[in-house]
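S.K.: Protein chains in written order, with the UniProt record's numbering: chain A, 1 to 208; chain B, 1 to 208; chain C, 1 to 208.
Among the clues, some could well be false.
[Stated by the list, open to error] Covered, in the sense of this in silico footprint (three residues per stretch, anywhere, with C-beta under 8 Å from a C-beta of chain A), are these stretches of chain B:
1) 25-36
2) 112-124
3) 147-156
4) 178-186
[What the hints assert, rightly or not] Okay, derived cross-link-like pairs now, DSBU-like style, lysine-lysine, Cα gap no bigger than 35 Å in a straight line:
5) C:K93 / C:K200
6) A:K200 / A:K93
7) B:K93 / C:K93
8) C:K93 / A:K200
9) A:K93 / B:K200
10) B:K93 / B:K200
[What the hints assert, rightly or not] With beta-carbon atoms standing in for the labels, derived distance ranges:
11) A:P152 / C:I182: 43 to 49 Å
12) B:H67 / C:K93: 37 to 43 Å
13) C:P152 / B:P175: 51 to 57 Å
No lab work stands behind these hints: they were computed from the structure.
For every residue, glycine included, the Cβ atom is placed at its ideal position computed from N, Cα and C.
Given next are the chains, with one letter for each unit.
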Amino acid sequence: MNPALPQLGNFLPWLDLLGIAVFAASGALAARDKGDVVTAAFFALVTGVGGGTLRDLLIGAPVWWVHHPFVAALCLGVAVLIWFTPVRWWSGKALDWLDALGLAAYAVFGTAKALSFGIPPVPAALMGVLTACAGGILRDVLAGEPSSLLRPELYVTPAALAAGLHVALTLLGLPVFGAALIAATAGFALRAAAIVWRLKWPGYFGRS
Amino acid sequence: MNPALPQLGNFLPWLDLLGIAVFAASGALAARDKGDVVTAAFFALVTGVGGGTLRDLLIGAPVWWVHHPFVAALCLGVAVLIWFTPVRWWSGKALDWLDALGLAAYAVFGTAKALSFGIPPVPAALMGVLTACAGGILRDVLAGEPSSLLRPELYVTPAALAAGLHVALTLLGLPVFGAALIAATAGFALRAAAIVWRLKWPGYFGRS
Amino acid sequence: MNPALPQLGNFLPWLDLLGIAVFAASGALAARDKGDVVTAAFFALVTGVGGGTLRDLLIGAPVWWVHHPFVAALCLGVAVLIWFTPVRWWSGKALDWLDALGLAAYAVFGTAKALSFGIPPVPAALMGVLTACAGGILRDVLAGEPSSLLRPELYVTPAALAAGLHVALTLLGLPVFGAALIAATAGFALRAAAIVWRLKWPGYFGRS
Chain A
1 MNPALPQLGN FLPWLDLLGI AVFAASGALA ARDKGDVVTA AFFALVTGVG GGTLRDLLIG
61 APVWWVHHPF VAALCLGVAV LIWFTPVRWW SGKALDWLDA LGLAAYAVFG TAKALSFGIP
121 PVPAALMGVL TACAGGILRD VLAGEPSSLL RPELYVTPAA LAAGLHVALT LLGLPVFGAA
181 LIAATAGFAL RAAAIVWRLK WPGYFGRS
Chain B
1 MNPALPQLGN FLPWLDLLGI AVFAASGALA ARDKGDVVTA AFFALVTGVG GGTLRDLLIG
61 APVWWVHHPF VAALCLGVAV LIWFTPVRWW SGKALDWLDA LGLAAYAVFG TAKALSFGIP
121 PVPAALMGVL TACAGGILRD VLAGEPSSLL RPELYVTPAA LAAGLHVALT LLGLPVFGAA
181 LIAATAGFAL RAAAIVWRLK WPGYFGRS
Chain C
1 MNPALPQLGN FLPWLDLLGI AVFAASGALA ARDKGDVVTA AFFALVTGVG GGTLRDLLIG
61 APVWWVHHPF VAALCLGVAV LIWFTPVRWW SGKALDWLDA LGLAAYAVFG TAKALSFGIP
121 PVPAALMGVL TACAGGILRD VLAGEPSSLL RPELYVTPAA LAAGLHVALT LLGLPVFGAA
181 LIAATAGFAL RAAAIVWRLK WPGYFGRS
């Protein structure tokens, strides 16, 4: 449908669906203790498609899930799945890990889609970062939780690594599939390391 | 002006104005104890047009109130009216009831406008739900209140009922006026019942 | 690039860059005690370009910083500058004063750009107000702070003064440069007076 999308190859749209599904799951989990099944489905939808919606509005693309029934239904299905499965399947760090997957997938896909619409490299990478973080911000705002941006361990940095790496590797001539795979893996690995070892940057330099 | 809007008939734009006016009133009421009259007018504007703005951006329509001085002035007028009338007129459950009216009106109008722009049925209904909830979310975020999405009684469900019913009745061939009236009434009635009897869904299934 | 922008003259885009830079600074300052340098850069970007993004989406213009690498880099540079300079340079009221500058600059530029896209006077002024306040709202939501809209002293009013004055002076036939300078100065002066003397409107009229 969109003439620019074929440049993304057959692989990248799956990254987008992966990001949508795991952000939807993290949205449904955030609503689990606070609302009912319909509210959880609403959280799943907003968290799942929020980042992609922002990306499409920023680059001037039609908001793709609006024209595509399957994507919205995917979010609702994820919410129902989580609602009707035992709490122990999803407890503990599940939300953190789903969020890490979504962060890496969205950062790369957002960057790739921006590049395919002719956005210059630096803002394209920034848009990957923005849209990767947008779903989680929306989820936290809706749930009234402190923003996951402000967790002590690295959060925006892995998104920036994934987006920047994808731009750099693409500029170096790598095929989009390879660049995306390497960039998403690196971003996820850094976020995983941040979760496991509580990696963080040094604090504000000017304090002393 | 917009070639797609005539399909909405002469009735539906009034639903939109109703939604804008009552959300504007709920925004002004939320700011009443926290700010001044200009801040209240700002809250009224953002809450009143927030849902419709999101809807128009999502479906790729021009943001209609931006090209239409009367709509924005309506929000400001509502805010001034509320500011200069006695507190007892608006106390108690007034905000809840205005919000319920706006929820039902926006859910139906958002769905109908999305359908008139060629959006498929499922995302069209979801957009009605999203945009009906967006005004209240914005109001709560601006006011620093817990999101009305997380009230214990049904909130998203009545919006989903109104939006889904409008899509279903339209697909069944009802004229848009009749479908909208039935759907908005059903959504408002369910939200009213939820307020009066504190209706809620059972909690998270997987807890046990 | 944009055919409508020449009407803004050579002066006004500098107002936009000023607004972006000072909002970016206020975003980076808000993140300083809560995150790392990458998070601060993210806050600077979102706070800096948030208002302009909303403005461009509302009036149907392409989101200009997305097509313009320098603007986003400006936000990142401001964040790095603030991160690596001593805390005492930026303590106390620095955020308030930067926010006041950004408020006045964005209110006028947002109004002028809306007028240049053919938006009628009243919504054009309202869009100046909306977009001037949007950056600060986003910053406060991201940082989990109470919204600066709800500070006791005048906040929305100076934005409304700047935006309204720019529309009025332009309609009276003043050249856009003069109108913008007078309007931005008046808006900044009123916000400055509000900070210094804690100016406020009388509270809710209907309480008694």
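S.K.: Could you work out which of the previously given hints the structure breaks and list their numbers from low to high?
M.R.: 1, 4 and 7
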